[in-house]
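Peer 1: What follows is each chain in one-letter form.
2 protein chains.
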Amino acid sequence: MVAKCAIVLLSGGLDSATVLAIARSQNYECYALSVDYGQRHRAELDAARRIAAALSAHEHRTMRVDLAGIGGSALTDAEMPVPQALAPGIPVTYVPARNTLFLSLALGWAEVIGTGDIFVGVNAVDYSGYPDCRPAFIQAFEQLARVATKAGVEGGRFQIHAPLIQMSKADIIRAGVRLGVNFGATVSCYQATAEGRACANCDSCRLRAAGFAAAKIPDPTAYA
Amino acid sequence: MVAKCAIVLLSGGLDSATVLAIARSQNYECYALSVDYGQRHRAELDAARRIAAALSAHEHRTMRVDLAGIGGSALTDAEMPVPQALAPGIPVTYVPARNTLFLSLALGWAEVIGTGDIFVGVNAVDYSGYPDCRPAFIQAFEQLARVATKAGVEGGRFQIHAPLIQMSKADIIRAGVRLGVNFGATVSCYQATAEGRACANCDSCRLRAAGFAAAKIPDPTAYA
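Sequences listed follow chains A and B, in order.
Per numbering that gives the first Met the number 0, the first sequence starts with residue 0, numbered consecutively.
Per numbering that gives the first Met the number 0, the second sequence starts with residue 0, numbered consecutively.
Calculated from the structure, these hints are not laboratory results.
Predicted, not measured: the structure shown is a model, and the values here were computed from it.
Treat the hints with care, since some could be wrong.
Because identical chains cannot be distinguished in the list, a pair is counted as satisfied if it fits within a single copy or across any two copies.
What the hints assert, rightly or not - Derived SDA-like pairs (lysine to any residue); straight-line CA-CA distance at most 25 angstroms: (1) K3 with A42; (2) K3 with H160; (3) K149 with A135; (4) K3 with V152; (5) K215 with Q165; (6) K3 with G155; (7) K3 with A199; (8) K149 with Q138; (9) K149 with S24; (10) K3 with R145; (11) K149 with H160; (12) K215 with E78; (13) K149 with Q190; (14) K3 with R156; (15) K149 with D76; (16) K215 with R173; (17) K215 with A169; (18) K215 with P134.
Go ahead and model the full structure; you've got the sequences and the hints to work with.
Peer 2: Below is the structure:
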């Protein structure tokens, strides 16, 4: 029997680790893809490597894209500080067109290995309000994939799986624990230390800590 | 008066040079974007720099993306030869999801500089049959841009300008000459030498030579 294959976008954070575990539980042979885009929280790339190995990804690649050159985000511009509290509106940690870019890279790799299944850990409930985490975005990208690719034109199917999109952070954590994800190995913090220790104050840290509290699961995060 | 700004994807070939000239003729301040994706015809990146300067682009950036790692195309895989003749179907020079990726990078930069105008030199007449050169692809990407970005969510307009999409190669060449493009500085060949000399045999060389012949304009291409 030929295995089902899927590309899984793996940032090294809590959400994408859970998505990889979900894809594995559905018997996909997983090609995990991380992107080194000049993010300040580079410890997440080390975390991605550990998670890919722990969850038996078939392969793990880190692709380099130089987004720091265009700036425009607190995550890629060293001069722009990471906010220390949640605020209304789309925050300055938004990286312009990031998920469009990540899915483009995933789409290219999917064509090469011959699969139409791509998993991504976007979430539109306990999130920072990024536009490219919403169902409308996922649907628009699926539509694009069908007309953009040789595989799509030749009748291939493309599906962007976003299993977390309507889940609360607490539900994501519960699902991950059930599937054996070691959340202690994940890094969510936007300004993690080189060793992956979290700041406890950024958007991402606050959403994560609130999720563990709501799920009534001990928080394994290493704080700085 | 604030200038109109646009991102212009600039490969260094004949088509994108003409697009840059068209955008300039429409009074756009142009931010030219080239992508170093590990293509074998690296001479086109040098050509892009010369063209950006000659046509007074406001700025020119070359972003690096490592596509050679995923392979799957004769343009990025050194082991896969470039075909020496046109053949039916989508050829092996197709780079999986290339224009999706290029437009994603353009979209990110567009958000940062605050414009919704992106120019791209795709053409669906005298072309190699790539799926991501067709009107359906351009429309799907425009739709995606509106839901994918902070600017789109906040009511901003995104337009992917593809002024060449229904033009013959001869018409493109005539338009470029009218606008002062020095086609001798452009590189179209998929396996150009380091100095930019063309092979005369690949798809891209054949389409280009036929275009100059049909336009009855002397072909300034330097052949190896």
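Peer 1: Could you place K3 and R156 in one of the four classes (within, between, both, neither) given a Cα distance threshold of 25 angstroms?
Peer 2: Answer is within: at 13 angstroms inside a copy they meet the 25 angstroms cutoff, but 40 angstroms across does not.
Peer 1: Can you tell me if K149 and D76 fall within 25 angstroms by alpha carbon in one copy, between copies, both or neither?
Peer 2: Cα proximity of K149 and D76: across copies only (18 angstroms, versus 36 angstroms in one copy).
Peer 1: With identical chains, the pair K149 and S24 could be close in the same copy or across copies; at 25 angstroms between alpha carbons, which is it: within, between, both, or neither?
Peer 2: neither (29 angstroms within a copy, 34 angstroms between copies)
Peer 1: Evaluate K215 and A169 at a C-alpha cut-off of 25 angstroms and name the case that applies: within, between, both or neither.
Peer 2: Result: close within a single copy only, 8 angstroms intra versus 68 angstroms inter.
Peer 1: Given a CA cutoff of 25 angstroms, do K215 and P134 count as a within-copy pair, a between-copy pair, both, or neither?
Peer 2: neither (28 angstroms within a copy, 51 angstroms between copies)
Peer 1: At most 25 angstroms between C-alpha atoms: does K149 with Q190 qualify within a copy, between copies, both, or neither?
Peer 2: between (39 angstroms within a copy, 22 angstroms between copies)
Peer 1: How would you label the pair K3, H160 (within, between, both, or neither) given a Cα cut-off of 25 angstroms?
Peer 2: within (14 angstroms within a copy, 38 angstroms between copies)
Peer 1: Can you tell me if K3 and A42 fall within 25 angstroms by alpha carbon in one copy, between copies, both or neither?
Peer 2: neither (31 angstroms within a copy, 40 angstroms between copies)
Peer 1: Could you figure out if K149 and H160 sit no more than 25 angstroms apart (CA to CA) within one copy, between two copies, both or neither?
Peer 2: Answer is both: 20 angstroms inside a copy and 23 angstroms across each meet the 25 angstroms cutoff.
Peer 1: Given identical chains, is K3 near V152, meaning Cα to Cα at most 25 angstroms, within a copy, between copies, both, or neither?
Peer 2: within (21 angstroms within a copy, 36 angstroms between copies)
Peer 1: Checking K3 and R145: alpha-carbon separation at most 25 angstroms within a copy, between copies, both or neither?
Peer 2: within (19 angstroms within a copy, 33 angstroms between copies)
Peer 1: With identical chains treated as interchangeable, where does the CA-CA distance between K149 and Q138 reach 25 angstroms or less: within a copy, between copies, both, or neither?
Peer 2: Both. Shortest intra-copy (19 angstroms) and inter-copy (17 angstroms) distances satisfy the 25 angstroms Cα cut-off.
When the structure is compared with the earlier hints, violations turn up for hints 1, 7, 9, 12 and 18 and for no others.
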